[in-house]
Each structure stands twice: as C-alpha cells, then as structure tokens.
Amino acid sequence: AQSVSQHNHHVILSEAASLELGCNYSYGGTVNLFWYVQYPGQHLQLLLKYFSGDPLVKGIKGFEAEFIKSKFSFNLRKPSVQWSDTAEYFCAVNQGYKLSFGAGTTVTVRA
Amino acid sequence: DTAVSQTPKYLVTQMGNDKSIKCEQNLGHDTMYWYKQDSKKFLKIMFSYNNKELIINETVPNRFSPKSPDKAHLNLHINSLELGDSAVYFCASSPPGASTDTQYFGPGTRLTVL
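As they're listed, the protein sequences go chains A and B. Quick note on this note's numbering: the first sequence kicks off at 1 and runs consecutively. Quick note on this note's numbering: the second sequence kicks off at 1001 and runs consecutively.
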C-alpha cells in the first residue's frame, strides 16, 4: 500500500526564515505528487503539484518543491516565510483515484 | 462562485442519532470524494464516486452510506452516530478523464458527537 511520510510534525520559525518540509513516499511506480495547505479554520488548497517534466515545480505564494525520484522525495521549500504562512501543510500522492496524505506538518511563523 | 460546497458547516448531535452532510460541486467534475480529518489533522479517504458509481470504499463502517443522486452531488449519511465519528469531513472533486489530477476540496463539515 502507498504510504506518505512527512518528517516534521511541527515547525516553528521566525518571519523571513527559510522553510523546508520533507516528504517521502513508498510507491515505486509513476506517481503524481501534491502539496496542499490548510490555513487555520479553512479547507485544503493546492500549493503545487508534480506530474512530469521539470522536477522543480513552482507553486503559489512563493512555494516550490523538488521531486527526486531516486530518493522517493518531494520536499517543499520557501526561501522567506511570512506570518501568513502559518498553516498545516500536507504532502499527498495520487494512486489512481485515491489520494494518500501524509500526517501533515504544522508550521508556525512568529512575527 | 463556490466551487465545492458543503452543508452544514457545523453539526452537533447526540450519540445514536442519524445525520446527513451534503456536498455539491459546480466544476463539472465527474469524480467526488469524502475524506475524514481526525483530531490530529490526519486526512483519510472514505469514499469516491465516479459518474455516480462507487469506486473507492475504504473499510468504512456500514453506518456510513454515501449517495450520489447526480454527478454534481455526493451526500454522506451516517447512522447511529458514535463519539469516534467526531471529526471534520471534507468533500472533494476532480476533473473528468484524469483520475490522478488535482482534487478540489470543500470547506469541511465539523461534526461533534456528544
């Protein structure tokens, strides 16, 4: 079965700091990879996705992620975070119709 | 315009009751989903319907019964509610012809069972 691991449960950082969230998956075949964000009290929104092509994908709000096939990883990065980036971040992998989520990483940005 | 909408937003009820959550999408998508997010924020798929046909049923108790009257609606009925059913339930949909494409989520329904 597909599994998705997010390395960090809770990350606390100051504004302007750089952010990197790790994500690894267990499926060896072709995958579609996603990062979703859930702001406090809101629904999930797509940050970015990777289907094929350039392994470095850029998303909304200055986020980017790099797909490294050999490491089964899809890490999320942002060079300089803002207070408004405080949210829950979910990595997800699509296997057919089924989207498997990681456990999520809570990111708290201190002003 | 709301893309994926759910009603109600909050639902508080007693153990043993039966309740329904409704979901509608106006994106023209063929596939719809129900997810459960527990108190630790963990998201797990429950059901998926494609063109009104059930395609995923993830070992959910049969107290939970999804119903899709048409492609734009996927409702979730829960019988004999239990304390452990307390969670946030998210509906989602994805475009036709691409099972692996992006899923669009509704605002969630926070269910509290007392």
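No wet-lab data here; the hints were simulated from the structure. We put the beta carbon where it would ideally sit given N, CA and C, even for glycine. Don't take every hint at face value.
What the hints assert, rightly or not - Using C-beta positions, here's what the derived DEER-type ranges look like: (1) Q45/A <-> D1070/B: 35 to 43 Å; (2) N1026/B <-> K58/A: 27 to 35 Å; (3) P1096/B <-> K58/A: 37 to 45 Å; (4) S18/A <-> A1003/B: 15 to 23 Å; (5) K71/A <-> T1013/B: 43 to 51 Å; (6) G28/A <-> E1058/B: 20 to 28 Å; (7) D1018/B <-> Y39/A: 31 to 39 Å.
Here is what the structure says about each hint:
1. Q45/A <-> D1070/B: 35 to 43 Å: violated (26 Å)
2. N1026/B <-> K58/A: 27 to 35 Å: holds (28 Å)
3. P1096/B <-> K58/A: 37 to 45 Å: At 27 Å between Cβs, range violated.
4. S18/A <-> A1003/B: 15 to 23 Å: violated (32 Å)
5. K71/A <-> T1013/B: 43 to 51 Å: holds (46 Å)
6. G28/A <-> E1058/B: 20 to 28 Å: holds (22 Å)
7. D1018/B <-> Y39/A: 31 to 39 Å: holds (32 Å)
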